[in-house]
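Enquirer: The residues making up each chain are set out below.
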Amino acid sequence: MADQRTGSLESPTLSRRDFFTRGLPGRVAALLGSGLAVTTVDPAAAVTQTPAVDASARDLRKMTRDEVREALRRIRAQRRAD
Amino acid sequence: MAESPGVAARTFGITRRLALKVGAALGAVAALLGSRNAVAQAAKAAGADAETLSDALGGLFQKHYKKMSPGEVKEAIGRIERRAKRQYAADVTVGTEPPVEGVVFGYALNISKCKGVRKCVEACVAENNTSRDPQVQYIRVLELDHGDMNLNRADHYYEAETVPRPGKFYLPIQCMQCDNPPCVAACPVEATWQERDGITVVDYDWCIGCRYCMTACPYSARHFNWSAPTIAPEALNTDMHYLGNRPRPRGVVEKCTFCIQRSRKGRQPACVEACPTGARVFGNLLDPNSDVRYVLENKTVFRLKEELGTEPKFWYFTD
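Residue numbers (the numbering used here), protein chains in the order written: chain A, 1 to 82; chain B, 1 to 319.
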């Protein structure tokens, strides 16, 4: 999956994921950012437009103790219901 | 202008309908006869090594695994065993161990211990009879920069001889055995389902190879056999499960089953046993004394793409 996406998503300013997950302001900002990136020749300048928070950081999300307990509770409950 | 347009249309409609009906009936008969003839001719041409007509027809009209009677399951297993004998000259045993009551399997992987040596991948391939050419691997080990959790920037093809490389960490990804599996919901023919012990399985004889499940899986954990899997006869693992590592045909999707042929007999999956750093923990999520429960309750735990609501039963953790 990731290997197939790498080619198109290496732009530091706009990823498809950012576009679909950051809400309307995020989309506008992402599109604006990509437009700027196209007009910018210097790659260093493009890097400066990288969003401060990377939406893909959520790929691996830390779970709180409560969330883990809740996940286990759901699994137990589902097996009892079956 | 001898006929009115209405009469012409009605006449044409009746003729066309009749023609379609007759054509469809003839086509069905021809297809049935053709398939039987083709199987018989192929069997005759290939001689004794070919699949018998009864096996070919038995496979053709085989039911969904969940709908089969015990006798039909036994016949299906007989066909698999005879096919393995012909293809690999091996005596295989195909089990159908059902889920154990009170067991839901879970998995935890210590990303601070994983060194990226890919021993898990090798063990998985050997255990699950996945194709060597073209290669099918259920486990992908990603190499990432320290502090970077963006999978889009991960390297899937790093050189194993150099690991662990400084400044890098390794993230193995395989089937998460989701408790809310999108792949199951996507299957149009119910060829894949979740068992009571939480393992999502595939009936390889029922799969139509549409690959909707591959599209639905956010972890890319399903793999399609674009060509007939190639396994050397001496490399075949003869200890099989009907829903697990039995040889798969071309044109079907396959996936990790937490080594169902092992785990349902109380053994650890091959990747757990093979890991040289002990990064992998497997066990019963319903057992409060299991290792996996200890990890979940006492370690810093992560889930992959948790926001999608797939409820993965595969956790990552750090010391």
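It is possible that some hints are incorrect.
Ranges of calculated distance between the beta carbons of each label pair, as one might list FRET restraints [what the hints assert, rightly or not]:
| no. | chain 1 | residue 1 | chain 2 | residue 2 | range |
| --- | --- | --- | --- | --- | --- |
| 1 | A | D66 | B | P99 | 26 to 32 Å |
| 2 | B | L53 | A | R69 | 56 to 62 Å |
| 3 | B | R86 | A | D66 | 54 to 60 Å |
| 4 | B | E273 | A | D66 | 30 to 36 Å |
| 5 | B | T52 | A | R69 | 51 to 57 Å |
| 6 | B | E161 | A | R61 | 40 to 46 Å |
Stretch-level coverage of chain A by chain B, calculated; a stretch enters the list once three of its residues show a Cβ under 8 Å from a Cβ in chain B [to be verified]:
| no. | segment |
| --- | --- |
| 7 | 60 to 66 |
| 8 | 70 to 82 |
No lab work stands behind these hints, which were simulated from the structure alone. Cβ coordinates follow ideal geometry from the N, Cα and C atoms, glycine included.
Enquirer: State for each hint whether it applies.
Expert: Tested hints:
Take D66/A and P99/B: their Cβ atoms lie about 29 Å apart, and the range 26 to 32 Å holds. A beta carbon spacing of about 58 Å between L53/B and R69/A agrees with the range 56 to 62 Å that was offered as a hint. One distance hint, 54 to 60 Å for the beta-carbon pair R86/B and D66/A, holds here, with the actual separation near 56 Å. Checked against the hint of 30 to 36 Å, the pair E273/B and D66/A passes, with Cβ atoms roughly 33 Å apart.
For T52/B paired with R69/A, a C-beta distance near 56 Å keeps the hint of 51 to 57 Å intact. A C-beta distance of roughly 33 Å is found between E161/B and R61/A, which places it outside the suggested range of 40 to 46 Å. Counting residues of the segment 60 to 66 of chain A whose CB lies closer than 8 Å to any CB of chain B gives 5, so the stated coverage by that chain holds, three being the minimum. Only residues whose beta carbon comes within less than 8 Å of a beta carbon in chain B count, and the segment 70 to 82 of chain A has 8; three or more means the coverage holds.
Consistency note: the structure conflicts with earlier hint 6 alone.
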